[in-house]
Amino acid sequence: MGGPAVSTVDTRVKLGGIALRNPVLTASGTFGYGAEFAPFFDLARIGGIVAKSITLEPRQGNRPPRIAETPAGMLNAIGLENVGVDAFITEKLPALAAGVVVVASVFETEIDRYAEVCKRLSGVPRVAGLEINASCPHVKSGGIEFGQRAEVLAQLVRATRRATSAPLLVKLSPNVTDIREMARVCEGEGADGLSLVNTLQALDIDIETRRPVLSNVLGGLSGPAIRPVALRMVWQASQAVRIPICGIGGIMNAEDAIKFLICGATAVQVGTANYLNPLAALEVAEGIEAHARRHGVARVADLVGTIEVPAR
Amino acid sequence: MKESAQLALPLRVDAEVRENRAEGGSNFRLRLAVAGWPGAEPGRFVMLSPGARGAALRFDPLLPRPMAVYRTLGVAAPPEIEVLYKVAGRGTRLLAETHAGDRVRVVGPLGVPFAMPVAGRCALLVGGGTGIASLYELAARAAQRGPVVVMLGARSEAELMGCDDFAALGVELRIATEDGSRGHRGRVTELLEAALDAGAGGEAIYACGPTPMMRRAAEIAALRGRSCQVSLENRMACGFGVCLGCAVPRADGSIALVCRDGPVFEAGQVAWAGLP
Chain C
1 MGGPAVSTVD TRVKLGGIAL RNPVLTASGT FGYGAEFAPF FDLARIGGIV
51 AKSITLEPRQ GNRPPRIAET PAGMLNAIGL ENVGVDAFIT EKLPALAAGV
101 VVVASVFETE IDRYAEVCKR LSGVPRVAGL EINASCPHVK SGGIEFGQRA
151 EVLAQLVRAT RRATSAPLLV KLSPNVTDIR EMARVCEGEG ADGLSLVNTL
201 QALDIDIETR RPVLSNVLGG LSGPAIRPVA LRMVWQASQA VRIPICGIGG
251 IMNAEDAIKF LICGATAVQV GTANYLNPLA ALEVAEGIEA HARRHGVARV
301 ADLVGTIEVP AR
Chain S
313 MKESAQLALP LRVDAEVREN RAEGGSNFRL RLAVAGWPGA EPGRFVMLSP
363 GARGAALRFD PLLPRPMAVY RTLGVAAPPE IEVLYKVAGR GTRLLAETHA
413 GDRVRVVGPL GVPFAMPVAG RCALLVGGGT GIASLYELAA RAAQRGPVVV
463 MLGARSEAEL MGCDDFAALG VELRIATEDG SRGHRGRVTE LLEAALDAGA
513 GGEAIYACGP TPMMRRAAEI AALRGRSCQV SLENRMACGF GVCLGCAVPR
563 ADGSIALVCR DGPVFEAGQV AWAGLP
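Heads up: the protein sequence lines correspond to chains C and S, in order. Note that the numbering used here gives residue 106 to position 106 of the first sequence, counting from 1, and the numbers run on in steps of one. Numbers given in the numbering used here equal positions in the second sequence, counted from 1, plus 312.
No incorrect hints appear here.
Here chain S is said to cover these stretches of chain C; the calculated rule only asks that three of the stretch's residues, wherever they fall, bring their Cβ under 8 Å from a Cβ of chain S: (1) 35-46; (2) 76-86.
Distance ranges between label pairs, derived from CB positions: (3) S/Q456 to C/G123: 50 to 58 Å; (4) S/A583 to C/F41: 34 to 42 Å; (5) S/G432 to C/E255: 54 to 62 Å; (6) C/Q155 to S/A583: 37 to 45 Å; (7) S/P390 to C/A97: 28 to 36 Å.
I should point out that these hints are in silico values taken from the structure, not numbers from a laboratory. Ideal Cβ placement from N, Cα and C applies to all residues, glycine included.
For reference, chain C alone in the conformation it holds in the complex (with noise of 0.2 Å):
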């Protein structure tokens, strides 16, 4: 697709009612609260980041060992450490120069906590948008209920609906059989977009203990080992339902973020790469542009859902 080169590319995408400068952001739990990057690049220059999930109450975590590396990829049994949502607004959303697009990210246990953290986020001014995560797979006590039953995700989605109107995401776990159902049902109950995926529920093993590498047991496996399989669920979720979706699994580079965008995601998270690399968002930002740019796309949103699937 595309025509000759073209000298300036519109970066801009729209994703459920946050409008981004490009369409790269990065995924919740492997970017802080965005000031750990501060000294690597301008936060101001990617589309936006999406902050660590936060819940009701500050939460210490899992007792470690917390990650493991595996085949190009990690597993991850954090536990979702975090400040609690009302540090989160006093303390860490003002350390944010003006400018970073922030989209706040909420998990609870319980339905009417979502709800009521989604309420406490409404209004606060440097808040873009929420995504709820109704994926995380590491908590015994919640998250990979919500987004593994269908009936269960129409609840919370309907519940943080009704607690906000501002946009809403909705995080979907990968851990189910038809990632359509789950796309369609977030739809349905007033969803703005989508972020898919999670991690993918693994496990690891020492050989030499018999133990699981994780205290956890079971953990989130992330990193390129995983992004085919993110990639097929974009690509089949963006056939099912109208609302934009925001592609997320394994994205290392441009080459990476551009697949997505052509299975259908309206904009990208740049997840585990964050870690190993802390300049990762804002080079896929500027590598998508530079494809843009050489393939004669003048808007990278005319990129989306370009996949052409040969007759067969």
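Please arrange chain S on chain C, whose structure you already have, making use of the hints.
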């Protein structure tokens, strides 16, 4: 540890390997040219991505490895840093295969440094294995403030590293090897006990090495009512406080991140039995 002074901010740079030399046993010394390197306060570390060749990063193994900055060679342009490491797994094996001219991704300097000894007081530095890598810059700076005794330990003479470097600082060097092939036969922490019992009191104690060694040093210090700074190791994915993977329990039950709250800790604040 608290440090009121402003620390050098980290950078990410693809450094060029100048030399990667075997140093006996499975020990290596890696020298990297790091453009823009701001220097590192004693005890700080870098994340190194092993196996990155040319411009392309390698994604398997995925994660960078935390390594103490052994020393900065500031006279070179660009500045050079040295890292001492032992081949222990996939990542360090790949690192051992890099040659002069290869690129290695560096993120750093990271972490909280050692608190310097009070001027005029004696500093006792205890290093085991590659743990000595955290102590060289400390020894160099402490030597400008007062007497320094460096105690280095290893299984055998062949696995000792850095003795000549430390000796060249003009500090007092004491060696222990478990097989007795050089210096005191036994553990390096026995040298610490002897030094404390013979000393005038008031010495600042620092330890870095395998966890059992640091734990023993902490006990020796605590038995004498003395504080001791240790530098912990842990798995970590990022090194700058976002993956939350390097959590360790504190003695008070709270959680600390080795990368952000350490790697240097006051030994009494560490819940030693809970370390991974």
